[in-house]
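Chains W and P are the protein sequences, given in the same order.
Position 55, counted from 1, in the first sequence is what UniProt numbering calls 55; the numbers after and before it change by one each time, with no gaps.
Position 229, counted from 1, in the second sequence is what UniProt numbering calls 229; the numbers after and before it change by one each time, with no gaps.
In short, the hints are calculated from the structure, not lab data.
Check the hints yourself; a few may be wrong.
To be verified - To give an idea of the chain P side of the interface with chain W (calculated C-beta under 7 Å), a few residues:
id : residue
1  : Asn2
2  : Pro54
3  : Ala59
4  : Asp63
5  : Gln66
6  : Trp101
7  : Gly156
8  : Arg157
9  : Ala171
10 : Phe232
Said to hold, decoys possible - Just a few of them, taken from the derived set where beta-carbon distance is under 8 Å, the chain P residues facing chain W:
id : residue
11 : Trp90
12 : Phe103
13 : Gly111
Just so it is clear, the structure is predicted and the values come from calculations on it, not from any experiment.
Glycine residues also receive a C-beta, built at the ideal position from the N, C-alpha and C atoms.
There are 2 protein chains.
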Amino acid sequence: MNVLIVLAHPEPHSFNAHLVEQARQAWLAQGHQVKTVDLYQEGFDPREGAGHYPSRKQAGRFDAMQEQRHHWTIQALPAEIRRHIELLRWADTLVLQFPFWWFGAPAILKGWMDRVFVYGGVYDSRHRHENGVMRGKRALLTVTAGASAQACAPDGRDGDMRLMLWPIMHALHYIGFSVLEPFLVYGVRGGLAGEERQAQNAALAQVTQAYREGLSDLAAWPAVPFNRNDDFDADLALKPGAPVYSPFVRHRDPV
Amino acid sequence: MNVLIVLAHPEPHSFNAHLVEQARQAWLAQGHQVKTVDLYQEGFDPREGAGHYPSRKQAGRFDAMQEQRHHWTIQALPAEIRRHIELLRWADTLVLQFPFWWFGAPAILKGWMDRVFVYGGVYDSRHRHENGVMRGKRALLTVTAGASAQACAPDGRDGDMRLMLWPIMHALHYIGFSVLEPFLVYGVRGGLAGEERQAQNAALAQVTQAYREGLSDLAAWPAVPFNRNDDFDADLALKPGAPVYSPFVRHRDPV
Chain W
1 MNVLIVLAHP EPHSFNAHLV EQARQAWLAQ GHQVKTVDLY QEGFDPREGA
51 GHYPSRKQAG RFDAMQEQRH HWTIQALPAE IRRHIELLRW ADTLVLQFPF
101 WWFGAPAILK GWMDRVFVYG GVYDSRHRHE NGVMRGKRAL LTVTAGASAQ
151 ACAPDGRDGD MRLMLWPIMH ALHYIGFSVL EPFLVYGVRG GLAGEERQAQ
201 NAALAQVTQA YREGLSDLAA WPAVPFNRND DFDADLALKP GAPVYSPFVR
251 HRDPV
Chain P
1 MNVLIVLAHP EPHSFNAHLV EQARQAWLAQ GHQVKTVDLY QEGFDPREGA
51 GHYPSRKQAG RFDAMQEQRH HWTIQALPAE IRRHIELLRW ADTLVLQFPF
101 WWFGAPAILK GWMDRVFVYG GVYDSRHRHE NGVMRGKRAL LTVTAGASAQ
151 ACAPDGRDGD MRLMLWPIMH ALHYIGFSVL EPFLVYGVRG GLAGEERQAQ
201 NAALAQVTQA YREGLSDLAA WPAVPFNRND DFDADLALKP GAPVYSPFVR
251 HRDPV
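Please construct the entire structure, taking both the sequences and the accompanying hints into account.
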């Protein structure tokens, strides 16, 4: 199995980086291939815009989708984007590792999606969902929050964390990935000292162990259910009788 | 009334920029003050990270929340961040204007939230929701999608667009804003020609007119309901009997 881990955290010694390294070691020990991308370390520019497109199809007006498709077709996408797409094609499993900032991913990871999931190359009108370019591959979000599990629960003060991650899971599904239930870690806070720090370290050591165990058998890891292309009619509305999947449906069996 | 419009679109002649200009003119004609921020034009860096913090509290390990609070306290935040916070404090109404990219905001806008909504200055444990620093102010998302209204409907193939915007609305509420129902524009696509282009222009002219009319009476614009701080118990769980607000509750009366 080929695994790609994309890390989006500004601190090289963060707990996020630690989870990446733990996952990498666990998979290497099983004989898998693992590659990691550290978006901060490589200085990835998350701003989709005209400056990345040297051979504009439309010089007077920048349209991201048009230029993505054009530059994909003439093989003129920036080197870092071509490399990231190659890595996605190489991988059987993708892990996105990031801290939960303002109820979503850090901007650098959102921009990785904006720039790397190129129209024409990674999706188009004939390639999405179960017909997507990434079909047959798994994607997992591994996300750390500073708040408690209760604060991030569906009835918690900070809002349902899994719901907040739905747009990212939906995007991964859109380009064809089978999306696994996210691995959520709570109570990851800086600035602790003394007993609080010790208690946190002990809790996170347990989480890390559970994570490694879960990764050892991804086939048993539950996946998130999504509708298929043919669940929708020609107007793109859900057909009567099709299953209704939403962020509130949790499918606990492996898919 | 003081209005701040934040635009996140890479093309200066985009329909998004057009909506900003139309809103600006409509409000100026009513005698309001309007300021606009064009994140692409000012080259805003959306990557929260150590490089923005010259006077680190913790030199060995970068923790965004700790450094945000510290640099807020010693007034050492970068000039662009201080300016954006001042603009937020000046405004009575905030408009975030952006295209819908991968089921959310462009990275440059997400990073504006990551960097500008600083811990210690824009929120802390005593200042959030109805006690938030931005209490008494309104926030509106004005968002364009390439897909059709049906594709973006709750039963649409691309997923419920309003649901996908929930994390951003939740963040705005978190720092104290009253969040208005988002203004969603569908079918905004580049690369059209001939009759398709004409039909799009006609449709978008109607949308623009409706937008200007809506903006002329914001007091009548419906707001999104959220729970209050005291709806939650000490463990941050919703108290029995508290109203259950979620992205699926649409409160159509002005709040």
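Hints, verified against the model:
Because the beta carbon of asparagine 2(P) sits about 24 Å from the nearest beta carbon in chain W, more than 7 Å, this interface hint is broken. Using the Cβ-Cβ criterion of 7 Å, the hint placing proline 54(P) at the interface with chain W is not satisfied: the shortest such distance is roughly 15 Å. Because the smallest distance between the Cβ of alanine 59(P) and any Cβ of chain W comes to about 12 Å, over 7 Å, the interface hint for this residue is violated. For the restraint placing aspartate 63(P) at the interface with chain W, the shortest Cβ-Cβ distance is roughly 3 Å, inside the 7 Å limit, so the hint holds.
Proximity of glutamine 66(P) to chain W holds as hinted, the smallest CB-CB distance being about 5 Å (cut-off 7 Å). Below 7 Å, beta-carbon pairs count as interface contacts, and tryptophan 101(P) has one with chain W at about 5 Å; its hint therefore holds. This hint holds: glycine 156(P) has a C-beta 5 Å from the nearest C-beta of chain W, less than the 7 Å allowed. For arginine 157(P), the shortest C-beta to C-beta distance to chain W is roughly 4 Å, which falls under 7 Å, so the interface hint holds.
About 5 Å separates the beta-carbon of alanine 171(P) from the nearest beta-carbon of chain W, less than 7 Å, and the hint is met. Checking phenylalanine 232(P) against chain W by beta carbon gives a least distance of about 4 Å; that is within 7 Å, so the hint holds. A least Cβ separation of about 22 Å between tryptophan 90(P) and chain W goes past the 8 Å threshold, and the interface hint is therefore violated. With its C-beta approaching chain W no nearer than about 4 Å, phenylalanine 103(P) sits inside the 8 Å limit, and its interface hint holds.
At its closest, the beta carbon of glycine 111(P) sits 3 Å from a beta carbon of chain W; the interface hint therefore holds under the 8 Å criterion.
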